[in-house]
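J.: Produce the entire structure from the sequences given, and follow the hints as far as they go.
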Amino acid sequence: MTQIELRGVQKFFGAVQVIKDLNLKIADNEFIVLLGQSGCGKTTTLRAIAGLETIDEGDIFIDGKPVQHLKAADRDIAMVFQSFSLYPHMSVYENIAFPLRATRKSKTEIDSEVRSVAKTLQITDLLDKKPSALSGGDMQRVAIGRALVRRPKAMLMDEPIGALDAKLREEMRAEIKRLHIKQGSTTIYVTHDQIEAMSLADRIVIMHAGVLQQVGTPDEVYSQPANLFVAQFVGSPVMNVTDAAVAETASSVSVTVGGAAAGFEFPRALLSKLNGHAGGQLALGIRPEGVLIRREATEGFVPVDTHIVEPLGSFDIVDLKVGTELLRARTKSGFVAGPGERVFARIDPTQAHFFDKASGKSLEVRL
Amino acid sequence: MAAVQTSGERALNKVAIVAVLLVTIIFLAPIYWIVATSFKPRNLATTIPPTVMFEPTISPFVKLFTKRSQLRSPPSAEEYAAAPWWERVVFDGGEKIVRDGKGQVQWSGYPSRFLNSLIIAITSTVLAVGMGTFTAYGFSRFKVKGEADLLFFILSTRMLPAVVVAIPMFLMYRAVGLNDTHLGLIILYTAFNLSFSVWLMKGFMDEIPKEYEEAALVDGYTRMEAFFKIVLPEAATGIAATAVFCFITAWNEYAFALIMTNRRAQTAPPFIPSQVGSGLPDWTVIASGTFLFLLPVAIFTFLLRNHLLRGMSFGAIRK
Numbered sequence: 000m001t002q003i004e005l006r007g008v009q010k011f012f013g014a015v016q017v018i019k020d021l022n023l024k025i026a027d028n029e030f031i032v033l034l035g036q037s038g039c040g041k042t043t044t045l046r047a048i049a050g051l052e053t054i055d056e057g058d059i060f061i062d063g064k065p066v067q068h069l070k071a072a073d074r075d076i077a078m079v080f081q082s083f084s085l086y087p088h089m090s091v092y093e094n095i096a097f098p099l100r101a102t103r104k105s106k107t108e109i110d111s112e113v114r115s116v117a118k119t120l121q122i123t124d125l126l127d128k129k130p131s132a133l134s135g136g137d138m139q140r141v142a143i144g145r146a147l148v149r150r151p152k153a154m155l156m157d158e159p160i161g162a163l164d165a166k167l168r169e170e171m172r173a174e175i176k177r178l179h180i181k182q183g184s185t186t187i188y189v190t191h192d193q194i195e196a197m198s199l200a201d202r203i204v205i206m207h208a209g210v211l212q213q214v215g216t217p218d219e220v221y222s223q224p225a226n227l228f229v230a231q232f233v234g235s236p237v238m239n240v241t242d243a244a245v246a247e248t249a250s251s252v253s254v255t256v257g258g259a260a261a262g263f264e265f266p267r268a269l270l271s272k273l274n275g276h277a278g279g280q281l282a283l284g285i286r287p288e289g290v291l292i293r294r295e296a297t298e299g300f301v302p303v304d305t306h307i308v309e310p311l312g313s314f315d316i317v318d319l320k321v322g323t324e325l326l327r328a329r330t331k332s333g334f335v336a337g338p339g340e341r342v343f344a345r346i347d348p349t350q351a352h353f354f355d356k357a358s359g360k361s362l363e364v365r366l
Numbered sequence: 000m001a002a003v004q005t006s007g008e009r010a011l012n013k014v015a016i017v018a019v020l021l022v023t024i025i026f027l028a029p030i031y032w033i034v035a036t037s038f039k040p041r042n043l044a045t046t047i048p049p050t051v052m053f054e055p056t057i058s059p060f061v062k063l064f065t066k067r068s069q070l071r072s073p074p075s076a077e078e079y080a081a082a083p084w085w086e087r088v089v090f091d092g093g094e095k096i097v098r099d100g101k102g103q104v105q106w107s108g109y110p111s112r113f114l115n116s117l118i119i120a121i122t123s124t125v126l127a128v129g130m131g132t133f134t135a136y137g138f139s140r141f142k143v144k145g146e147a148d149l150l151f152f153i154l155s156t157r158m159l160p161a162v163v164v165a166i167p168m169f170l171m172y173r174a175v176g177l178n179d180t181h182l183g184l185i186i187l188y189t190a191f192n193l194s195f196s197v198w199l200m201k202g203f204m205d206e207i208p209k210e211y212e213e214a215a216l217v218d219g220y221t222r223m224e225a226f227f228k229i230v231l232p233e234a235a236t237g238i239a240a241t242a243v244f245c246f247i248t249a250w251n252e253y254a255f256a257l258i259m260t261n262r263r264a265q266t267a268p269p270f271i272p273s274q275v276g277s278g279l280p281d282w283t284v285i286a287s288g289t290f291l292f293l294l295p296v297a298i299f300t301f302l303l304r305n306h307l308l309r310g311m312s313f314g315a316i317r318k
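Residue numbers (numbering that gives the first Met the number 0), protein chains in the order written: chain A, 0 to 366; chain B, 0 to 318.
Don't take each hint at face value.
[What the hints assert, rightly or not] If the Cβ cut is set under 10 Å, some of the chain B residues that face chain A in the computed set are:
# : residue
1 : 208
2 : 218
3 : 221
Worth flagging that the hints you see were computed from the coordinates, not collected in a lab. The beta carbon of each residue, even a glycine, is placed where N, CA and C say it ideally should be.
T.: If you want it as structure tokens, here you go:
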């Protein structure tokens with residue numbers, strides 16, 4: 000049972016504020032992913048929880064107890080580093096046994112625990128090897144084993160698979176998830192890779208420039224981004240964000256993008272939900288799958304020309320010229336032959352997001 | 000094809016091998032000379048042209064370690080027969096070994112000077128490398144105010160040629176009673192080597208990823224334990240290299256040893272050339288003293304050769 004709570008945490012490196020008033024509650028057994036670009040403060044946050052970094056203000060609680068005065072060694076937390084940092088002069092066995100040797104456990108206890116962890120991670124046959132003889136994936140398994148063996152209160156992982164190649168990364172992602180389900184310990188995982196975050200997390204914490212942007216389940220941050228940063232950071236291909244003008248028509252509401260002649264049709268309910276934000280301060284966000292295309296003229300679809308087509312195997316991304324803007328749409332592969340084709344597009348109102356351009360905040364319009 | 004050598008390349012290879020051999024011979028010649036001379040009978044040491052083929056004798060070493068006096072007349076047959084084999088070679092040279100009233104062999108000054116050299120060089124090396132390692136770790140891992148200035152100050156202690164301060168040092172040492180003491184030379188050599196040791200170790204420490212210690216800190220160890228269990232084994236290569244350099248400097252130091260010591264704490268370097276036989280300098284004894292003096296550095300470097308070859312710790316961390 001381990002809960003971790005951060006309350007009003009601030010951290011400065013000289014004059015630079017790397018963490019700004021961070022508040023976060025992490026439940027027992029939860030898999031939390033801190034997601035953000037490099038330099039956003041996610042790793043510093045993780046290191047602060049581990050006790051490798053001091054904080055300038057605020058409190059960190061582990062199981063309700065403040066831990067600022069505790070050294071890293073006394074917080075009973077394990078950490079997996081991006082570099083794995085296996086001790087090169089020790090065998091795999093010694094590496095995994097190392098955290099246990101700091102405790103008063105007997106040799107036989109240590110031996111049985113090392114072997115049981117090695118069995119879980121399927122690295123029993125590597126125990127006598129030196130870290131330099133291991134592959135990247137195996138190094139990471141050993142690093143995780145070293146973290147698990149102590150049965151710590153919480154596991155912290157700092158981009159643990161960032162150094163692996165793409166295929167191995169996918170494998171290890173699944174393995175980490177499987178391991179978490181099996182072992183069930185509170186885990187905080189730092190990454191800049193939103194696919195990793197989406198696939199692993201119970202909840203994702205998105206940070207930008209030291210400020211927490213949104214906390215939510217993968218589905219929440221994907222389908223209800225709190226602001227423009229989250230909207231564009233999460234999801235691949237990236238969400239289209241463009242200036243939009245809203246105007247009332249006889250039967251509905253028209254949303255014009257890029258000064259195009261014809262606007263996209265939206266239900267009347269949009270007006271009331273926008274709550275007076277209809278002026279020039281509006282940004283429309285729509286994921287490529289929310290841009291629907293037909294090849295023949297259809298009621299409610301606006302004629303547009305295709306620009307660039309990116310075939311991605313299972314689907315294509317087609318750039319549509321809408322006025323001065325380009326909207327990226329996701330289509331079946333081969334749906335559009337090439338540039339300069341006339342197609343008919345519509346924006347799915349239920350997938351549209353509206354943001355206040357000045358603050359970047361979502362207007363929470365759900366149609 | 001890279002594997003196939005043209006005749007031009009083969010010729011170039013041969014030239015290179017010859018050049019390497021020549022350089023090796025030039026470098027090894029003085030060492031050969033010292034070793035050869037230390038096994039020569041005295042009358043062959045300074046012949047012109049030099050004697051290359053000779054019957055090696057142990058007499059220079061016997062003379063090196065003992066006090067002797069000139070024989071007025073050749074030893075009697077009983078005396079000769081009673082003497083151990085190594086003493087006879089001295090008789091042959093027209094000298095005899097001085098014994099005290101109990102018949103004990105009187106030692107020359109060499110063994111104690113050699114011991115002094117060992118004590119002073121080893122102690123100052125341990126101190127300089129130890130303090131240098133700690134200091135370098137501090138500079139490498141913690142935010143030190145004015146770090147660049149402090150490091151520059153440490154380096155600046157080496158900018159003055161050491162002999163320039165010889166006379167003030169001598170006066171200061173005499174005032175506090177440190178001249179001709181082991182402690183005096185140990186302090187001196189440690190101070191000389193410390194700046195070098197700090198700078199060299201700082202380079203090695205910077206190369207050890209700090210994640211190693213952080214992993215140990217999170218795994219339940221104190222900073223001190225992490226230092227001794229993780230950092231020190233990783234720094235072994237650097238420590239070995241630094242120790243070899245510090246040891247060589249302290250071991251070979253001549254000027255200060257000559258000025259600061261005369262008997263009790265005298266080291267081998269000033270003692271060896273001061274050795275004269277009865278009458279003219281006996282070059283074979285000086286050569287044998289020098290030969291033995293060369294051995295510790297050679298042995299020390301040989302023992303640490305694996306550490307001096309870098310690359311043991313590579314590959315365990317992904318960058």
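J.: The hint names residue 218 of chain B as touching chain A; please verify it with the least Cβ-Cβ distance against 10 Å.
T.: holds, 4 Å
J.: With a cut-off of 10 Å, does the beta carbon of residue 221 of chain B approach a beta carbon of chain A closely enough for the hint to hold?
T.: holds, 6 Å
J.: Given a cut of 10 Å on the nearest C-beta pair, is the interface hint for residue 208 of chain B held or broken against chain A?
T.: Given a least distance of 6 Å, the restraint on residue 208 of chain B holds.
Of the hints listed earlier, there is not a single one the structure fails to meet.
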